[in-house]
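Just so you know, the sequences run in chain order A and B.
First residue of the first sequence: 1, per the numbering used here; consecutive thereafter.
First residue of the second sequence: 1, per the numbering used here; consecutive thereafter.
Since the hints were derived computationally from the structure, they do not count as laboratory data.
It cannot be assumed that every hint is accurate.
So, partial list: chain A residues that the calculated Cβ filter (under 7 angstroms) puts toward chain B [to be verified]:
1. Ala40
2. Asn101
3. Gly102
4. Trp107
Don't be surprised by glycine CBs; every beta carbon is placed ideally from N, CA and C.
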Amino acid sequence: QVQLVQSGAEVKKPGASVKVSCKASGYSFMSNAIHWVRQAPGQRLEWMGWVHAANGYTTYSEKFQGRVTITRDTSATTAYMELSSLTSEDTAVYYCARGANGGFDSWGQGTLVTVSS
Amino acid sequence: EIVLTQSPGTLSLSPGERATLSCRASQSLSSSYLAWYQQKPGQPPRLVIYDTSRRATGIPDRFSGSASGTDFTLTISRLEPEDFAVYYCQQFGRSLNMYTFGQGTKLDIK
Numbered sequence: 001q002v003q004l005v006q007s008g009a010e011v012k013k014p015g016a017s018v019k020v021s022c023k024a025s026g027y028s029f030m031s032n033a034i035h036w037v038r039q040a041p042g043q044r045l046e047w048m049g050w051v052h053a054a055n056g057y058t059t060y061s062e063k064f065q066g067r068v069t070i071t072r073d074t075s076a077t078t079a080y081m082e083l084s085s086l087t088s089e090d091t092a093v094y095y096c097a098r099g100a101n102g103g104f105d106s107w108g109q110g111t112l113v114t115v116s117s
Numbered sequence: 001e002i003v004l005t006q007s008p009g010t011l012s013l014s015p016g017e018r019a020t021l022s023c024r025a026s027q028s029l030s031s032s033y034l035a036w037y038q039q040k041p042g043q044p045p046r047l048v049i050y051d052t053s054r055r056a057t058g059i060p061d062r063f064s065g066s067a068s069g070t071d072f073t074l075t076i077s078r079l080e081p082e083d084f085a086v087y088y089c090q091q092f093g094r095s096l097n098m099y100t101f102g103q104g105t106k107l108d109i110k
């Protein structure tokens, strides 16, 4: 079955960067995009961007353009999301999700990123 | 940018009742890529409906999706205890290659 397993929780200071990984298994990694979605406490889901596993093509939300970098390692069937210049407003659970049919059909378990001085 | 507005914010119903959740788009969608997700506390979202009306794998047939113009609806015909959760709609804007979510509807047990 499709599985997306994310790296563990992170605590960062303001101004730092964070890199979260998402290990995919149970399907042909090259066939789908991997998206990143975040959810601040009590807030709605917020799409950040995606990478197509086959060619590395990326698209980012305008809100995060210039601050987020999404990459993938096909040999490790793993996608990565790096977010820089962190502020307290970046405190959230970050999810990876597999793209399909204009939506997201499988999700990682989430990674809590806490930004605090 | 297309904005998705969900209503009501909270819906309080009893098991066995029918639930109707609404998602209104600020403009016509360029595709039928409208999806619904169910999220329970401490869990990631789960895909329920994709392409406006197609049930995702493993979703029971009491869940259905429909559309009329810019208004999209998720209907749960007979609520089961496990259906009480927050539901989000999401659209894919093909022209800008962007994705947006609604603010969510919390389905509460009455």
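Taking the hints in turn, this is what the structure says about them:
no., hint, in the structure
1, Ala40, "12 angstroms, violated"
2, Asn101, "5 angstroms, holds"
3, Gly102, "3 angstroms, holds"
4, Trp107, "4 angstroms, holds"
Hint violations for this structure: number 1 only, all remaining hints satisfied.
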